[in-house]
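Undergrad: What follows is the residue order along each chain.
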Amino acid sequence: MIETLTYEFPATQSVEHRSHVGVVASGNCEILLEPSSDQRSAVVVRTSVSGFDGTWQAVLGRFFARNPVAVAIEINDFGATPAVVALRLEQALESAQ
Amino acid sequence: MTALLLTESFAERGARERARALLDAQSFRELIGPFERIASPYLAAQGVVPQSDDGTVVARGTIGGVRACVVATDGRFLGGSIGEIGGSKIAGALELARRDAERGTPTRMVLALDTGGIRLQEANLGILAVSEICDAIVALRDLMPVVAVIAGRVGVYGGLSLSTALCSEIIVSEGARVGLNGPDVVETESGIEEMDSSDRPLIWRVTGGRQRFAQGFASELVSDDVPAIRAAVERAFEAPRELGPLVAQPFPDPRLDLEAFLRAMEIEP
Amino acid sequence: MSASVRGRVWLERLTGGARPIGGLPPSVLAADASIDGHAVRAIAVVPDLNGRFARARNGEMGIDEGFGVAAAVRGTPADSAILAIVDVPGQAFGTREEAVGLQRALAASTAAYIRARRGGHPVLTLVVGKAISGAFLAHGLQGGWIGALDVGDIEIHVMSEAAVARVTRMERDDLIRVAKEIPATARDIRTFATFGAIDRIFSVGDPDAPSDAEVNEVVRALAEVLRTPELGRRNPVDRLNAPAALQTRTLARRVRSALQAQWDA
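Residue numbers (numbering that gives the first Met the number 0), protein chains in the order written: chain L, 0 to 96; chain E, 0 to 268; chain Y, 0 to 264.
Among the hints, erroneous ones may be present.
Chain Y side only, calculated, beta carbon under 7 Å to chain E, not exhaustive [to be verified]:
| hint | residue |
| --- | --- |
| 1 | Arg54 |
| 2 | Val163 |
| 3 | Ile181 |
| 4 | Thr184 |
To be clear about the criterion: a stretch of chain E counts as covered by chain Y if any three or more of its residues have a C-beta under 8 Å from a C-beta of chain Y, and this derived list gives those stretches [as the list claims (entries may be wrong)]:
| hint | segment |
| --- | --- |
| 5 | 41–52 |
| 6 | 89–98 |
| 7 | 124–130 |
| 8 | 162–174 |
Simulated restraints on C-beta separations [unchecked claim]:
| hint | chain 1 | residue 1 | chain 2 | residue 2 | range |
| --- | --- | --- | --- | --- | --- |
| 9 | Y | Asp152 | L | Met0 | 30 to 38 Å |
| 10 | E | Trp203 | L | Glu2 | 38 to 46 Å |
| 11 | E | Met264 | Y | Gly204 | 24 to 32 Å |
| 12 | L | Ser36 | Y | Gln261 | 24 to 32 Å |
| 13 | L | Met0 | E | Arg28 | 32 to 40 Å |
| 14 | L | Ser94 | E | Pro200 | 36 to 44 Å |
| 15 | E | Glu11 | Y | Asp207 | 31 to 39 Å |
| 16 | E | Pro268 | Y | Ala243 | 45 to 53 Å |
Worth flagging that the hints you see were computed from the coordinates, not collected in a lab. A virtual CB, placed ideally from N, CA and C, is assigned to each residue, including glycine.
Model the full assembly from the supplied sequences, consistent with the hints where possible.
TA: Right, dumping it as structure tokens:
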């Protein structure tokens with residue numbers, strides 16, 4: 000029913016603060032972002048919509064290619080579109096810097 | 000221009016931003032924030048992704064320069080429904096406010112509710128939590144005002160409408176709705192001839208903020224505007240009106256001409 | 000659905016057929032009696048097929064029932080305990096009720112019970128039938144001590160199964176499966192008791208026609224509670240420390256201790 004996906008990306012930059020954006024509402028997602036001391040980023044996605052592993056990989060890959068930040072990210076998703084996810088990631092990063 | 004107007008809307012904001020908006024500038028401090036990850040353990044098995052704050056935000060700060068606490072529920076997450084965690088946040092905050100009042104260091108308590116009621120996915124724990132909330136509201140209002148703000152998109156329904164009715168000051172917005180049973184619940188339980196949940200004019204006539212204010216359920220009617228709501232909250236503490244009739248209402252209520260009342264609302268008596 | 004007689008039966012048996020007090024709507028029965036030398040006002044919500052609100056004729060908590068129970072509770076003699084007898088299939092689901100303001104009617108009885116209990120009256124509750132949702136919140140759940148009959152058709156929940164299915168978009172079979180996995184969604188009295196809110200469960204053969212022995216067992220239990228009035232004055236939050244709640248309500252306690260720790264910066 001609920002799918003949990005995990006991803007890792009290399010990282011070279013750091014962020015100052017943790018940040019929290021979004022909400023678990025239809026077509027939306029909640030993101031918790033925390034600075035990490037590792038040279039990589041770890042992402043955990045919990046979603047009620049299964050079968051979009053590749054889409055998540057692509058959205059997250061694009062984000063970390065642009066922003067190679069060392070963070071731990073938790074995403075609680077209720078069917079957010081890739082565009083909404085990308086927006087939330089940018090918002091989370093912006094308020095973490 | 001649109002953006003400027005939106006920043007003043009209360010209903011457009013999430014629970015955290017609503018709490019921030021009601022507290023004095025720069026005074027917001029969240030308790031049990033999302034990074035503590037006290038989230039519902041009951042939802043995943045029912046196919047629902049939990050939210051890290053369980054949809055209920057507790058914030059301390061000041062209102063009018065006085066110690067305060069705002070508890071806000073987020074109508075966007077599962078309809079703002081109240082389960083064990085959210086319910087315990089509300090009840091626990093009320094209990095601490097009562098303790099403060101007894102100690103002579105009062106904490107102004109505001110419940111900014113936006114909720115469809117008890118969360119069905121944890122029903123038994125929700126109903127117990129609401130019984131604790133009701134008790135704590137009455138215990139606190141014996142010592143100081145307990146202020147409810149109903150100005151969200153969901154409004155207040157279910158067990159929480161009952162709790163809200165116990166508050167001594169109730170501020171409703173024109174865009175909020177208040178009722179015990181949501182329209183679709185009435186339709187499911189009693190049939191479409193009893194209530195057509197798609198009949199929006201009927202629902203607004205029956206449960207809309209303007210109507211609830213006219214009935215004397217609320218102490219203030221406000222527009223969806225943060226400064227107006229903040230001012231109403233401050234007034235509620237400075238010059239409380241104490242919605243008293245609820246607790247001491249005589250039976251049968253001699254003021255209620257049921258037939259005339261219903262006809263005025265275009266409902267067949 | 001045939002109207003339940005259970006609330007009336009238990010009220011009459013437990014009060015020894017005392018004459019109901021006047022001034023209440025026909026759907027609210029209240030009688031003053033003595034149990035083991037202790038004064039008790041028993042209150043039940045019962046069906047009234049001629050009630051002025053059509054959706055509250057089968058024992059539901061409606062406008063008249065909420066304000067009626069509130070009046071009965073507020074009128075309790077100073078030295079008397081209160082016994083709420085609960086067989087409420089739900090609150091009234093009606094447009095007229097909502098228009099008048101059903102939340103206020105149910106808040107009125109809720110507040111009356113709270114004020115009575117906090118004012119020193121022991122408040123005891125006996126669940127003999129359904130105890131659904133807002134109706135239970137408004138009549139019974141504010142009791143300091145709660146007993147219940149152990150019968151299969153007793154149901155405690157916030158909504159009927161049909162409404163739950165509609166709102167959660169789950170099939171009935173799924174709901175039954177989930178209830179086994181997640182006790183918080185169950186509807187039976189034994190599971191509800193695991194959360195620490197039920198102090199005593201009584202076995203009974205036919206809850207609509209209890210034997211003298213079955214009634215006497217309940218009377219003995221009530222008498223025992225009345226001898227220790229603090230039991231009937233416990234507040235809902237005290238249930239968190241009930242033995243049964245120690246394993247099941249850990250989150251409610253954890254939230255409170257976290258709030259307390261963070262309350263003053």
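Undergrad: Give a verdict on every hint.
TA: Structure-based check of each hint:
1. Arg54: holds, 6 Å
2. Val163: holds, 5 Å
3. Ile181: holds, 5 Å
4. Thr184: holds, 6 Å
5. 41–52: With 3 residues close enough to chain Y, the hint holds.
6. 89–98: holds (count 5)
7. 124–130: With 7 residues in contact (Cβ-Cβ under 8 Å with chain Y), the coverage given for the segment 124–130 of chain E holds.
8. 162–174: holds (count 4)
9. Asp152/Y / Met0/L: 30 to 38 Å: holds, 31 Å
10. Trp203/E / Glu2/L: 38 to 46 Å: Since the Cβ atoms of Trp203/E and Glu2/L sit about 40 Å apart, the hinted range of 38 to 46 Å holds.
11. Met264/E / Gly204/Y: 24 to 32 Å: Given range 24 to 32 Å: violated, Cβ gap about 48 Å.
12. Ser36/L / Gln261/Y: 24 to 32 Å: Taking Cβ atoms as reference, Ser36/L and Gln261/Y lie about 26 Å apart, which means the hint holds.
13. Met0/L / Arg28/E: 32 to 40 Å: holds, 36 Å
14. Ser94/L / Pro200/E: 36 to 44 Å: holds, 41 Å
15. Glu11/E / Asp207/Y: 31 to 39 Å: Cβ of Glu11/E to Cβ of Asp207/Y: about 54 Å, so the range 31 to 39 Å is violated.
16. Pro268/E / Ala243/Y: 45 to 53 Å: holds, 47 Å
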